[in-house]
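Take the sequences, apply the hints, and build the full model.
Just so you know, we're using the UniProt record's numbering here: the sequence shown kicks off at 1 and counts up by one.
Calculated directly from the structure, the hints in this document are not laboratory data.
Bear in mind that the values here come from a model prediction, so they are computed numbers and not experimental data.
By construction, the Cβ of each residue, glycine as well, lies at the ideal position given by its N, Cα and C atoms.
Be careful, since some hints might not be right.
Said to hold, decoys possible - Straight-line distance between alpha carbons at most 27 Å, and here's what the computed DSS-like set of lysine-lysine pairs gives: (1) Lys-266 with Lys-99; (2) Lys-74 with Lys-63; (3) Lys-74 with Lys-34; (4) Lys-40 with Lys-63; (5) Lys-99 with Lys-162; (6) Lys-114 with Lys-74; (7) Lys-63 with Lys-34; (8) Lys-99 with Lys-114.
As the list claims (entries may be wrong) - The following label-pair restraints were derived from C-beta to C-beta distances: (9) Ser-133 with Gln-283: 36 to 42 Å; (10) Gly-78 with Arg-189: 28 to 34 Å; (11) Lys-308 with Ser-165: 36 to 42 Å; (12) Ser-279 with Thr-96: 25 to 31 Å.
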Amino acid sequence: MDESLECRLRNVCEAFSNSRAMNKRVPRKPRASKILNRYKYCANTAIPTRNRFLPEKFQKFRKLHVSCVESARKELAGFQLFSRADFDHRLGNIVTATKKTSFTWNYERFSPVKIAAKGWCFRGVNLDGVTVSFRCPCCRADVCFKIDADLNSRELEQAYVKALSNKHERGCSWRRAEYPLEINYYIGRASIFLEIQRIKSELGQNGAVDFDAGVLEPSIEAMFEARMEQRGLLQLLLRGYRPAGHRVVECVGCHCTSFLDTVREKCVHYSWCKYQDASLLPQMLSEIACSPEEKTHQSLEARLQSLKLQIRNI
Numbered sequence: 001m002d003e004s005l006e007c008r009l010r011n012v013c014e015a016f017s018n019s020r021a022m023n024k025r026v027p028r029k030p031r032a033s034k035i036l037n038r039y040k041y042c043a044n045t046a047i048p049t050r051n052r053f054l055p056e057k058f059q060k061f062r063k064l065h066v067s068c069v070e071s072a073r074k075e076l077a078g079f080q081l082f083s084r085a086d087f088d089h090r091l092g093n094i095v096t097a098t099k100k101t102s103f104t105w106n107y108e109r110f111s112p113v114k115i116a117a118k119g120w121c122f123r124g125v126n127l128d129g130v131t132v133s134f135r136c137p138c139c140r141a142d143v144c145f146k147i148d149a150d151l152n153s154r155e156l157e158q159a160y161v162k163a164l165s166n167k168h169e170r171g172c173s174w175r176r177a178e179y180p181l182e183i184n185y186y187i188g189r190a191s192i193f194l195e196i197q198r199i200k201s202e203l204g205q206n207g208a209v210d211f212d213a214g215v216l217e218p219s220i221e222a223m224f225e226a227r228m229e230q231r232g233l234l235q236l237l238l239r240g241y242r243p244a245g246h247r248v249v250e251c252v253g254c255h256c257t258s259f260l261d262t263v264r265e266k267c268v269h270y271s272w273c274k275y276q277d278a279s280l281l282p283q284m285l286s287e288i289a290c291s292p293e294e295k296t297h298q299s300l301e302a303r304l305q306s307l308k309l310q311i312r313n314i
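Next comes the structure, spelled out in structure tokens:
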């Protein structure tokens with residue numbers, strides 16, 4: 001055997017026989033984890049409940065520390081400020097439950113969107129058919145609003161808008177906070193990416209729809225890479241609708257349902273819906289997306305400048 005190879009084997013055997021090399025190495029915990037744990041847990045000051053199955057000497061045993069995150073989650077179970085699913089669930093319940101009533105939601109400042117944004121959940125409609133009651137899932141407070149023709153007055157509408165905040169309990173988080181509608185609901189520079197995600201998701205889940213609402217811009221069609229048979233579906237999604245059955249569509253903004261032929265002829269959105277202006281979303285998408293011909297002729301500096309402008313607007 002080669003002397004150099006034998007020397008290397010001897011060194012390897014000595015390294016393995018060394019007790020230090022075989023010890024288990026424990027990774028060093030960073031200081032940040034200690035800081036996080038310091039504020040994540042607090043002393044348990046709650047008085048333990050008495051257990052009749054334990055002897056007296058074991059009655060005072062309890063956890064020394066509790067998680068502040070779990071405690072806040074239990075206390076504020078109904079307060080999910082940035083949850084789009086919870087907001088859409090509250091909004092859908094309000095609109096669906098009041099569809100068969102004698103009144104209609106046609107108010108700008110006092111609408112189901114404003115009610116759901118303040119954390120109120122639908123509870124029921126009184127026997128008169130115009131009084132609607134809501135409940136806060138966080139503070140369990142109840143509030144009633146009479147929705148009739150008198151709400152057209154400016155004073156009563158302002159009083160109802162103030163009541164959406166004042167009717168919460170003083171310690172309730174919904175009294176001060178509100179769901180960010182400008183970011184997560186209304187169509188704008190800050191929320192246009194949510195519309196793009198919605199359209200891409202619906203195009204991947206649904207097939208062809210027999211819907212023709214005019215000429216579709218090539219830049220928008222190229223942005224979503226829609227197939228030839230999906231042009232009708234893309235035009236339907238740009239108006240805020242989605243397929244909900246055989247020739248039945250539903251609006252994702254105000255949860256109104258209608259037949260496909262009716263949507264082709266006129267707009268059936270509520271006045272407070274974000275898709276009331278059918279040209280707003282296609283116009284914003286056409287400003288963001290440029291056609292393939294324009295994209296090839298644009299220089300790198302022009303494209304970077306356009307990107308900076310879009311980020312600044314957001």
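- Item | Earlier hints that do not hold, by number | When the structure is compared with the hints, none of them turns out to be violated.
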